[in-house]
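K.L.:
Residue numbers for the sequence shown follow numbering that gives the first Met the number 0, beginning at 0 and rising by one.
Rather than coming from a laboratory, the hints here were simulated on the basis of the structure. Where hints are given, some of them may not hold.
Stated by the list, open to error - Okay, derived cross-link-like pairs now, DSS-like style, lysine-lysine, Cα gap no bigger than 27 Å in a straight line:
1) Lys153 <-> Lys99
2) Lys99 <-> Lys338
3) Lys575 <-> Lys338
Said to hold, decoys possible - Have a look at the derived ranges for each label pair, beta carbon to beta carbon:
4) Glu463 <-> Ala151: 42 to 48 Å
5) Glu476 <-> Phe103: 38 to 44 Å
6) Val22 <-> Ala251: 15 to 21 Å
As the structure is a computational prediction, the values presented were derived from the model and not from experiment. Beta carbons are placed, not taken as given, at the ideal position from N, Cα and C, and that holds for glycine.
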Amino acid sequence: MAAVVAPIAEYGETLLFLATAGVVAPLFRRLRINSVLGFILAGVILGPYMLGALAIRGLWPHWLSLSKYSDISHLAEFGVVFLLFMIGLELSFERLSRMKRLVFGLGAVQVIGSSALIGLAAWLAGVGPGAAAVIGGALALSSTAIVIPVLAEKRRLGSTAGRVAFSVLLFQDLAVAPLLVMVSMLSGDPNAGFNVGALGALAPAALAMAGLVFVGRLALRPLFHLVAAAGTTEFFVAACLFVVMAASFAAAFAGLSMGLGAFVAGLLLAETEFRREIEVTIEPFKGLLLGLYFLTMGAGLDLSKLYLSFWSVVALAAGLTLGKAALFYLAARAFGVAKSAARESALMLGPGGEFAFVMIGAATAGGVMSFALSAQLTISVALSMLAIPGLGLLARRLAPAQPQAGLPSTGDSADAAPIDSAGRVIVIGYGRVGRVVADLLRAHAIAMLIIDEDAQIVAAARREGVPVIWGNAARAEFLRRCDLPHARALVVTINAPRRVEEIVALARGERGDLTIVARARDAVHATHLYGLGATDAVPENLEASLQLSEALLVDIGVPMGYVIASIHEKRDEFRKMLQPVADPERANRALRRPDPVNAARARRRGKEKLAENKPAEAAPAPPPPPV
Numbered sequence: 000m001a002a003v004v005a006p007i008a009e010y011g012e013t014l015l016f017l018a019t020a021g022v023v024a025p026l027f028r029r030l031r032i033n034s035v036l037g038f039i040l041a042g043v044i045l046g047p048y049m050l051g052a053l054a055i056r057g058l059w060p061h062w063l064s065l066s067k068y069s070d071i072s073h074l075a076e077f078g079v080v081f082l083l084f085m086i087g088l089e090l091s092f093e094r095l096s097r098m099k100r101l102v103f104g105l106g107a108v109q110v111i112g113s114s115a116l117i118g119l120a121a122w123l124a125g126v127g128p129g130a131a132a133v134i135g136g137a138l139a140l141s142s143t144a145i146v147i148p149v150l151a152e153k154r155r156l157g158s159t160a161g162r163v164a165f166s167v168l169l170f171q172d173l174a175v176a177p178l179l180v181m182v183s184m185l186s187g188d189p190n191a192g193f194n195v196g197a198l199g200a201l202a203p204a205a206l207a208m209a210g211l212v213f214v215g216r217l218a219l220r221p222l223f224h225l226v227a228a229a230g231t232t233e234f235f236v237a238a239c240l241f242v243v244m245a246a247s248f249a250a251a252f253a254g255l256s257m258g259l260g261a262f263v264a265g266l267l268l269a270e271t272e273f274r275r276e277i278e279v280t281i282e283p284f285k286g287l288l289l290g291l292y293f294l295t296m297g298a299g300l301d302l303s304k305l306y307l308s309f310w311s312v313v314a315l316a317a318g319l320t321l322g323k324a325a326l327f328y329l330a331a332r333a334f335g336v337a338k339s340a341a342r343e344s345a346l347m348l349g350p351g352g353e354f355a356f357v358m359i360g361a362a363t364a365g366g367v368m369s370f371a372l373s374a375q376l377t378i379s380v381a382l383s384m385l386a387i388p389g390l391g392l393l394a395r396r397l398a399p400a401q402p403q404a405g406l407p408s409t410g411d412s413a414d415a416a417p418i419d420s421a422g423r424v425i426v427i428g429y430g431r432v433g434r435v436v437a438d439l440l441r442a443h444a445i446a447m448l449i450i451d452e453d454a455q456i457v458a459a460a461r462r463e464g465v466p467v468i469w470g471n472a473a474r475a476e477f478l479r480r481c482d483l484p485h486a487r488a489l490v491v492t493i494n495a496p497r498r499v500e501e502i503v504a505l506a507r508g509e510r511g512d513l514t515i516v517a518r519a520r521d522a523v524h525a526t527h528l529y530g531l532g533a534t535d536a537v538p539e540n541l542e543a544s545l546q547l548s549e550a551l552l553v554d555i556g557v558p559m560g561y562v563i564a565s566i567h568e569k570r571d572e573f574r575k576m577l578q579p580v581a582d583p584e585r586a587n588r589a590l591r592r593p594d595p596v597n598a599a600r601a602r603r604r605g606k607e608k609l610a611e612n613k614p615a616e617a618a619p620a621p622p623p624p625p626v
């Protein structure tokens, strides 16, 4: 029995978290409540200050509390790391340059302005200059880990407010590393000036970041091409995790934020053909680790401090939120953002963020501020973060019904499906059939996204300048990442009947109004695809026979108008015959047996068409000139 209890005591927090994740997320999703709040509240209840305290007194089982949540807090930090990696995947260096006005303009104004005003208020309240500088920088940041999931859950990332918030949060993430360096420079005496000797840490950090970008540009695409060519899902998952962890540890070794290293890795991979498949692969790890992060954050909240100094904590949280929101609203309006979008993004970015905990903790450990001030600031920031989903709901209620416009799209090339990419045709398969379809779409200037799961075909196409992406289209998550909900149509051209059936069924399940055109092996397969929801299924053997007949009729002198009319009529006849038939064998027999009624109708229409074309096409030849 002791041999069984020991592992439970050692891994109890991990097992409890997995059980909580399996209950909290589905329950709150069913109640239409943000799951972030669920994890934070679950952490508060299971933490050492509630059920953990009862467990210490023997009134509650130890294995049902997070009394030693610090054992999993280090793992929880990777939730923010994976989140920043996914943010990097949503961008690219090209897209970042397009958004530079919002990122480096509005974002810089928000961070610098909020830091200065909050730091000044702290200094006027009697806090030392070093501690005031840390407080200003820490409280100026917003919560990337809550704001982005809330916007994504409500499909607001593509709105003007979503783009504005996304851009500012991106600059805040870039500012984390300099702010942490500032904390290191202030460590020691809270009333002393900057530790100038710590400036030497910036040079190796900058070199490490430049080296990370250089190595990533050279090695990442060949690495993933090699893994994709192997065709094993496990290897691809391992490669994704390796890249995230290696970039994070490289940044941490250089004295930078682990999240910043992951963000740079995401930026580099955003320009490759493997981007969408990586997003689908990393998403479960990001969701699980972010849940763990919020659970540990809730477990660290001591509500007794809120009870002892309730009004001061609430006033600090409210003042922080409203003050930052007012300042950001004015800055956003100065940058030309519409009123409703500026109001929504200001309310979302007004509360504090998770990096405030990191900065305040580092400043407390370095002696920059007292433990009492640190505890009060921590509970105030956490309280403001809990209000983010409610503030987002309030902002949406105040916003007008019509979507806002006026900001540049975050989209880039065709291989990186942007947030607002609507009206594109998704072409699955870039073999001999897919190439013809893509050429015709390109000739008519129709936007498209081409997908293939053969790494060799993808590499060859990209060498030719065709932006084909690599991925498994037989997964609903991947199709959603390719913006299937807003696609104009889906064309399946691959030569694998079972895969075609899977993709057609998945796409039809995702969207009932989507136009789906699929390549069929034969009439039986076409009938089955119609039953799965295909709008049109094109059998290879029938199209080959129609093309052969068209060439024959033209070569033997039948007028072109008559040939085209009869070919179209025959194609419509096949389509009508295949669609309503439930028995595939019956359809196959019908296709092999001529229909006398349809044949007579075709001959009659052909004669009418021939009569129309006869004067022009069968005009008598002029008489020869006299000798």
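K.L.:
Each of the hints needs a verdict: does it hold here or not?
P.N.:
Okay, the hints, checked on the actual structure:
no.	hint	verdict
1	Lys153 <-> Lys99	holds, 25 Å
2	Lys99 <-> Lys338	holds, 21 Å
3	Lys575 <-> Lys338	violated, 54 Å
4	Glu463 <-> Ala151: 42 to 48 Å	violated, 35 Å
5	Glu476 <-> Phe103: 38 to 44 Å	violated, 33 Å
6	Val22 <-> Ala251: 15 to 21 Å	violated, 33 Å
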